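Peer 1: Guided by the hints, dock chains B and C onto chain A, whose structure is given.
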Amino acid sequence: MEHPAFEEVSFHHHTDDAEFKRRVKKTTILLSVITIIELAIGLFIYTLHKSDVNRDFLILGFKGLVCILTLAKAYYIVSVFMHLGDEIRNMIMTIVVPLMLFIWFIFAFIYEGNSYKNLRNTYDLHFKETTMPKKHGNAETHEVKPAEKSGKE
Amino acid sequence: MSTQATTVHQTKWWSGGKSPFNMEYGKLMMWYFLMSDAFTFGAFLISYGSIRFSQNFWPDPNVVFNAFPGAGHANLPLAFVSVMTFILIISSVTMVLAVHAGHKGDKQGVIKWMIWTIIGGLAFLGCQAWEWHHLITGEHAVLVDGKIEMIGQNMRGNPWGAVVNGPEVTAALTNTSHETLMSLMHSANASVSHEKIAAMSDAELRAALSTAELHVREKGPVAFGGYFYGITGFHGFHVFSGVIINIVMLIMTQKNVFQNKGHYLMIEKAGLYWHFVDLVWVFVFLCFYLI
Amino acid sequence: MDLWIVSMALFVVSSLLGGLNYISTILNLRTKGMSMTRLPLTIWAMFFTAVLGVLSFPVLLSGLILLLFDRNLGTSFYLSDIVVNGEILPNEGGSAILFQHLFWFLGHPEVYIILLPAMGMVSEILSVNSRKPIFGYMAMLGSLFAITILAFLVWAHHMFVTGLNPFLGSIFVLLTLLIAVPSAIKVFNWLTTLWRGNIRFTPATLFAIGFVSLFISGGLTGIFLGNSTIDIHLHDTMFVVAHFHIVMGVASFFGMFAGVYHWFPKMFGRYLNSTLGYIHFWVTMIGSYLIFWPMHYQGLAGIPRRYLDKRGWVSFNDFPELDKMITIVSIIVFAMQLMFVFNFIYSIFKGRKVTSTNPWGANTLEWTTPIRPGHGNWPGEIPEVHRWPYDYSKDGREFIPQTEPIGENESKH
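Residue numbers (our numbering), protein chains in the order written: chain A, 1252 to 1404; chain B, 3 to 293; chain C, -8 to 404.
I should point out that these hints are in silico values taken from the structure, not numbers from a laboratory.
On a predicted model such as this, the values are computed, not experimentally measured, just so you know.
Beta carbons are placed, not taken as given, at the ideal position from N, Cα and C, and that holds for glycine.
A few of these clues could be false.
Using 25 Å as the maximum straight-line C-alpha spacing, the simulated DSS-like pairs for lysine-lysine come out as follows [said to hold, decoys possible]:
1) B:Lys271 x B:Lys257
2) B:Lys114 x A:Lys1276
3) B:Lys149 x B:Lys198
4) B:Lys109 x A:Lys1276
5) A:Lys1277 x B:Lys114
6) B:Lys257 x B:Lys106
7) C:Lys385 x C:Lys23
8) B:Lys263 x B:Lys106
9) C:Lys257 x C:Lys341
10) A:Lys1272 x B:Lys109
11) B:Lys109 x B:Lys271
12) A:Lys1272 x B:Lys14
13) C:Lys315 x C:Lys301
14) B:Lys263 x B:Lys14
15) C:Lys403 x B:Lys14
16) C:Lys257 x C:Lys23
17) B:Lys271 x A:Lys1277
18) C:Lys385 x C:Lys403
19) B:Lys149 x A:Lys1379
20) A:Lys1277 x B:Lys257
21) B:Lys14 x A:Lys1276
22) B:Lys257 x B:Lys109
23) B:Lys14 x B:Lys114
24) C:Lys23 x C:Lys301
25) C:Lys315 x C:Lys257
26) A:Lys1272 x B:Lys198
27) A:Lys1301 x A:Lys1314
28) B:Lys14 x B:Lys149
29) B:Lys109 x B:Lys14
30) B:Lys114 x A:Lys1272
31) C:Lys23 x B:Lys14
32) B:Lys263 x B:Lys109
33) A:Lys1276 x B:Lys263
Quick look at which bits of chain B chain A covers, simulated, 3 or more residues with Cβ under 8 Å [to be verified]:
34) 201 to 209
35) 231 to 242
Here are some chain B residues pointing at chain C (derived, C-beta under 8 Å) [claimed, not checked]:
36) Trp16
37) Ser52
38) Ser56
39) Gln57
Pulled out of the complex, with its shape left as it was, chain A reads as follows (with noise of 0.2 Å):
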């Protein structure tokens, strides 16, 4: 396609085969190493869970960086596979800034579940002895304790 097809797009993105070929195959693999990467560390929350010690603040580090993971996961994804690495700057741009309102909209509604649970638990007897993890011995039982917060969904 040598002209525009559309009036309004001026010219067209020419990339050379091989060295695309390369990109792609660089980005699968990367992504494939993330995954498995992501796939050990939340095995090994497992073990953790597992065993006897608390180590809830081990468990929530790892958390945090499989979230981190998954964010670098999701930027390698938008930006070769859907190309947007390739547009303009002006259109990553009017992607990219709308997604910073999630900031505030997870900020605000993690914060209000977990307020929403601790006056549960303040008012509500019921709901705390019911819900609750009981101190078994057994350390599986200890899985998301009220202070604990895992950054973003």
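Peer 2: For chains B and C alone, coordinates are given in the frame of chain A:
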């Protein structure tokens, strides 16, 4: 690339008469549609987060998702979902290749890669169907009102509460019905045959069970099932519509619609949608299976 | 109720498609020379409205889908510890506040979806009819943008008394009060546009000025309600009714009326009847204040909203005569709207005919099309734009259309 760079510098992008993003109208609309859809999924996942934070207990995904087709009762946490994730990533790659073939005007290439993408999508849907089926029908021992019951993961019940052990289980066994005892025996000790279990009395069953390792749990948060089925279902619906779109694109390619038009931009738009579905799965995977 | 949810879902889809169309048209398909800073403010307002719709409606859609599941599939997203007719529902673990969050995440931007187009049209009409350039074009854009961003950040100020976390509430108070800044900028710009202008008091101008008046009086009470402490007293009283009806209901209707009176000649090639227009304006304007102003007093006195009959409560029955007066005035004002509908339909067929393509002497492109435009609006080439749309009373000329190239000795605006 150098000619491109100079064009970028010389063009007054915003002066009107052309696209400020050097992007065709329909593709721009597709981008903003996906943006809007991202907010739909975002709202789902954020609601899920909000509810999760309002609970004192949340099940460990490694415990919930530990089955694999054909592997029976083996404990394989995250194995199946990683297969699903890879299927989706690979189908995304084939879609990239289809779009690239479209750029070159290579009809046969487009057809080949589109078919692979569609197969990937269908495979993913099949995996999801199996997983749902397994979760809904797979029953687990749960301590309810002082007795043990077998319940599956559905909208109203969640069998993945905190583990109950020791004396509480023994006490609960005395109140448990015959049918439940039988299925408990079956799941705890697969080597014993059906006939043998059927022949055992309640007292014998209880004696055998109290020595066996029983995985009895309390009831977990009900919202888990609702959100899991709701969000993966909504995502599955997107995959399904993506497959339909891809099939339509495939037929249109075969009928030379795009060749006659002179461009394969429709493939590009379908590709954007398909990658978005992959992108959403990355986040669903994070929220439900990893953390 | 399920049907209502489904119909809302359809509405979300349609507004989404409409919004996408607006956004990509405005960004991608401007004519030659029409840079973003040469767009009329009406178009800018429509653009931000579309952005608000595209980003906030999907959240409502999610909330509604969860609601549909709760109602029909037995899930517990919003329900917990609910007793109906003495029977405890099996649902547990949900949070009713979650629905309010999801709803108001749309609900607040929705207010601006209603109001922003009115703001845009009013800016345009005030500039055209006071024969002066709009004051602070860039400030207008900036405030539109700021309102759009803030609209997404303040949703929970509708929920101060739901049991919202007080710390979160205090952040929402801060963000809410920030909206006063861009709103005030817009009001000052409208007033300074009118200031020392050569104002033509057409019905459209009157409605636009009425909009500014209503926006001020409705906006000020918004500052009261935006403070969580005062809101505890005023929440769910007639004060709230008065506030949002003035600022969002009547004001945006005024913007709409202004737009209809202004662009009617473009739409049908005939004018609306001005005499009926003046009557329509004055009765509606005075009537709206007579209806909603007393409600502020009622609300401060603690009278709750949504009561059909207050006679059973001694404390709510302090102002029966006021209620009567409000009822009578609202009937009159409603009758006036019927007269407007009559004027509208009558003028389509029998109104005074438009004789020139540009009856208001406006600069924008729509007035360069023929009186009865055909397909594609312009016969032949699409016009090219050379200047911003607000060159009024410049270099001794009353107005200079956007299509006119910049002269050699022309002063800057």
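Peer 1: It remains to establish, for every hint, whether it holds in the given structure.
Peer 2: Do the hints match the structure? See the list:
1. A distance of roughly 18 Å separates the Cα atoms of B:Lys271 and B:Lys257; the hinted pair therefore holds under the 25 Å criterion.
2. For a cut-off of 25 Å, the pair hint linking B:Lys114 to A:Lys1276 stands: about 18 Å separates their Cα positions.
3. Taking the CA atoms of B:Lys149 and B:Lys198, the gap is near 24 Å; set against the 25 Å cutoff, the hint holds.
4. About 22 Å separates the Cα atoms of B:Lys109 and A:Lys1276, which keeps this hinted pair within 25 Å; it holds.
5. Simply put, A:Lys1277 and B:Lys114 have alpha-carbon atoms about 22 Å apart, close enough for the 25 Å limit, and the pair holds.
6. The suggested pairing of B:Lys257 with B:Lys106 holds, with an alpha-carbon distance near 18 Å, which does not exceed 25 Å.
7. Proposed proximity of C:Lys385 and C:Lys23 is supported: the alpha carbons are some 24 Å apart, at most 25 Å.
8. Between B:Lys263 and B:Lys106, the direct Cα distance comes to roughly 14 Å. Compliance with the 25 Å bound is thereby established for this hinted pair.
9. At most 25 Å may separate the alpha-carbon atoms for a hinted pair to count; C:Lys257 and C:Lys341 meet this at roughly 15 Å.
10. The hinted pair formed by A:Lys1272 and B:Lys109 meets the criterion: a straight-line CA distance of about 18 Å does not exceed 25 Å.
11. At most 25 Å may separate the alpha-carbon atoms for a hinted pair to count; B:Lys109 and B:Lys271 meet this at roughly 16 Å.
12. A C-alpha spacing of about 32 Å is found between A:Lys1272 and B:Lys14, which places the hinted pair above 25 Å, so the restraint is violated.
13. Between C:Lys315 and C:Lys301 the alpha-carbon distance is near 12 Å, which keeps this suggested pair within the 25 Å criterion.
14. As the CA atoms of B:Lys263 and B:Lys14 are separated by approximately 29 Å, the hinted pair breaks the 25 Å bound.
15. A distance of roughly 21 Å separates the Cα atoms of C:Lys403 and B:Lys14; the hinted pair therefore holds under the 25 Å criterion.
16. Of the pairs offered as hints, the one joining C:Lys257 and C:Lys23 holds, with about 23 Å between alpha carbons and a cut-off of 25 Å not exceeded.
17. As the CA atoms of B:Lys271 and A:Lys1277 are separated by approximately 23 Å, the hinted pair is consistent with the 25 Å bound.
18. About 9 Å separates the Cα atoms of C:Lys385 and C:Lys403, which keeps this hinted pair within 25 Å; it holds.
19. This hinted pair checks out: B:Lys149 and A:Lys1379 have alpha carbons roughly 21 Å apart, not beyond 25 Å.
20. Between A:Lys1277 and B:Lys257, the direct Cα distance comes to roughly 34 Å. Violation of the 25 Å bound is thereby established for this hinted pair.
21. Only pairs whose Cα atoms come within 25 Å are accepted, and B:Lys14 paired with A:Lys1276 is rejected, the gap being roughly 35 Å.
22. Our distance criterion of 25 Å between C-alpha atoms is met by B:Lys257 and B:Lys109, whose separation comes to about 10 Å.
23. Restraint check: the Cα-Cα separation between B:Lys14 and B:Lys114 comes to about 40 Å, which exceeds 25 Å; the hinted pair is violated.
24. For the hint linking C:Lys23 to C:Lys301, the alpha-carbon distance of about 62 Å lies beyond 25 Å, and the restraint is violated.
25. Proximity of C:Lys315 to C:Lys257 is assessed by CA-CA distance (about 41 Å); at most 25 Å being required, the pair is judged violated.
26. A threshold of 25 Å between alpha carbons decides the hint, and for A:Lys1272 with B:Lys198 the separation of about 61 Å lies outside it, so the pair is violated.
27. Taken as a hint, the A:Lys1301 and A:Lys1314 pair is honoured in the structure, with Cα atoms around 16 Å apart against an allowance of 25 Å.
28. Taking the CA atoms of B:Lys14 and B:Lys149, the gap is near 75 Å; set against the 25 Å cutoff, the hint is violated.
29. Taken as a hint, the B:Lys109 and B:Lys14 pair is broken in the structure, with Cα atoms around 35 Å apart against an allowance of 25 Å.
30. Restraint check: the Cα-Cα separation between B:Lys114 and A:Lys1272 comes to about 16 Å, which is no more than 25 Å; the hinted pair holds.
31. For the given pair, C:Lys23 sits about 11 Å from B:Lys14 by alpha-carbon distance, which is consistent with the 25 Å threshold.
32. A C-alpha spacing of about 13 Å is found between B:Lys263 and B:Lys109, which places the hinted pair at or below 25 Å, so the restraint holds.
33. Simply put, A:Lys1276 and B:Lys263 have alpha-carbon atoms about 30 Å apart, too far for the 25 Å limit, and the pair is violated.
34. Here's how the region 201 to 209 of chain B fares: 0 of its residues keep a CB closer than 8 Å to some CB of chain A, so the rule of at least three is not met and the hint is violated.
35. Requiring three or more residues with a Cβ within less than 8 Å of a Cβ of chain A, the coverage given for the region 231 to 242 of chain B is violated, as only 0 such residues are present.
36. The interface hint given for B:Trp16 is met, as the beta carbon of that residue sits about 5 Å from the closest beta carbon of chain C, less than 8 Å.
37. Annotation: B:Ser52 was flagged as interfacial toward chain C, and the flag holds, the nearest CB pair being 6 Å apart, inside 8 Å.
38. Hint on B:Ser56 holds. Least Cβ distance to chain C is approximately 6 Å, under the 8 Å limit.
39. The interface hint given for B:Gln57 holds, since its Cβ lies 6 Å from the closest Cβ of chain C, which is under the 8 Å cut-off.
Going through the hint list in order, the structure does not satisfy hints 12, 14, 20, 21, 23, 24, 25, 26, 28, 29, 33, 34 and 35.
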